[in-house]
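Below, each chain spelled out in residue letters.
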Amino acid sequence: MVTLALRQCAIALLSLSVVPLALSASAAEVNKARALYHYQMFCQGCHTPDGSGNGDIPALKDFMGYFMNTDQGRAFLVRVPGSATSKLDDQELAEVLNWCLAEFAGVSLPVQGYAPYSAAEVSVLRAEPLEEIEQHRAAVLLDIVKQRQQPAL
Amino acid sequence: MMSFLDRLFEQKARGVAQSSSRRGMLKKLGGALAGVAAVPLLPVARADHHGGPAPEKPQEQGSDTDCDYWRYCAIDGFLCSCCGGSASSCPPGTEMSPVTWIGTCHNPADGRNYVISYNDCCGKSSCGACLCQRDEGDRPPYRPDKTNDINWCLGTASATYHCSAAVVVGVAFAE
Chain A
519 MVTLALRQCA IALLSLSVVP LALSASAAEV NKARALYHYQ MFCQGCHTPD GSGNGDIPAL
579 KDFMGYFMNT DQGRAFLVRV PGSATSKLDD QELAEVLNWC LAEFAGVSLP VQGYAPYSAA
639 EVSVLRAEPL EEIEQHRAAV LLDIVKQRQQ PAL
Chain B
172 MMSFLDRLFE QKARGVAQSS SRRGMLKKLG GALAGVAAVP LLPVARADHH GGPAPEKPQE
232 QGSDTDCDYW RYCAIDGFLC SCCGGSASSC PPGTEMSPVT WIGTCHNPAD GRNYVISYND
292 CCGKSSCGAC LCQRDEGDRP PYRPDKTNDI NWCLGTASAT YHCSAAVVVG VAFAE
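Which chain is which? The protein sequence lines are A and B, in order.
Using our numbering, read the first sequence as starting at 519 and increasing by one per residue.
Using our numbering, read the second sequence as starting at 172 and increasing by one per residue.
The hints are simulated quantities; they were obtained by calculation from the structure and are not laboratory data.
Yeah, the Cβ is synthetic: ideal placement off N, Cα and C, and Gly gets one too.
Be aware that one or more of the hints could be misleading.
[Unchecked claim] In silico DMTMM-like pairs for lysine to aspartate or glutamate, Cα to Cα no more than 25 Å straight-line: (1) B:LYS295 with B:ASP237; (2) B:LYS317 with A:ASP607; (3) B:LYS317 with A:ASP568.
[Unchecked claim] To spell it out: a stretch of chain A is covered by chain B in this simulated footprint if at least three of its residues, at any positions, have a beta carbon under 8 Å from a beta carbon of chain B; those stretches are: (4) 549-556; (5) 560-566; (6) 569-582.
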């Protein structure tokens with residue numbers, strides 16, 4: 519059931535026409551060499567070198583930017599166990615997340631741009647790691663789809 | 172004058188039409204296009220670097236069939252280089268797992284640390300040759316991304332473990 523919901527969600531999200539603005543994360547301090555190294559060490563083993571994921575492992579590529587449309591979505595990317603419980607400190611985790619968004623999110627980034635993660639934001643969010651990840655992910659994505667489908671006021 | 176040119180071009184056109192076929196032309200054109208398209212698709216190492224420049228190649232020292240070989244600092248399994256593959260490729264008939272555990276190893280030949288991806292090769296029963304267990308940086312299974320005690324044949328058609336490869340991902344960032 520969750521899988522079906524995720525599939526519908528993915529289709530709906532992909533059907534939205536989004537043209538990312540110039541990367542707003544560029545304003546954040548990102549040491550690309552360090553961020554790449556941390557991605558290789560702590561993320562790539564599952565999410566694969568180009569972020570395309572594999573089987574049950576979600577793709578970051580052309581998808582993770584959708585989560586930046588809502589506060590819940592932003593929180594999700596930090597609260598997933600791979601992020602929240604990683605060995606990286608708050609600054610390093612914010613950096614690698616911002617780097618991933620710049621490298622992988624592509625067409626999924628919000629049209630209106632987005633604010634990069636800060637160490638302070640990451641510190642608060644990672645204090646509550648997620649447990650029921652799949653259900654939470656599906657709910658977050660459904661909210662994003664509903665929000666995107668509402669007419670502008 | 173014009174009628175002369177008309178006749179000349181008509182004769183030439185008929186000559187070409189009689190000595191060739193439209194399908195032949197399409198075949199040649201298709202072959203040429205397919206050849207051009209195939210050039211950038213030749214097998215190159217795409218798996219171990221991220222779209223940018225290829226990772227710096229380490230200086231090599233030692234044999235990749237020895238457990239002491241520098242890339243194997245955190246390995247736990249049968250060496251693919253003893254099983255018909257190499258330190259970075261799987262033996263024929265097996266599939267490399269795309270899901271891996273990753274660590275760093277120090278290369279004594281050039282004094283640098285490298286990020287190493289330990290990819291299990293899957294789809295045939297255990298190779299049984301060159302068992303190697305070094306475990307540097309290995310963590311207990313409650314850190315699943317940093318343990319070599321689990322079967323990493325994940326995302327492959329078969330979960331049957333055969334051997335382990337050690338692929339150089341890049342130079343480690345000096346923190």
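Hints versus structure:
no., hint, result
1, B:LYS295 with B:ASP237, "holds, 22 Å"
2, B:LYS317 with A:ASP607, "holds, 17 Å"
3, B:LYS317 with A:ASP568, "holds, 20 Å"
4, 549-556, "holds (count 5)"
5, 560-566, "holds (count 5)"
6, 569-582, "holds (count 3)"
Violated hints are absent here; each numbered hint is respected by the structure.
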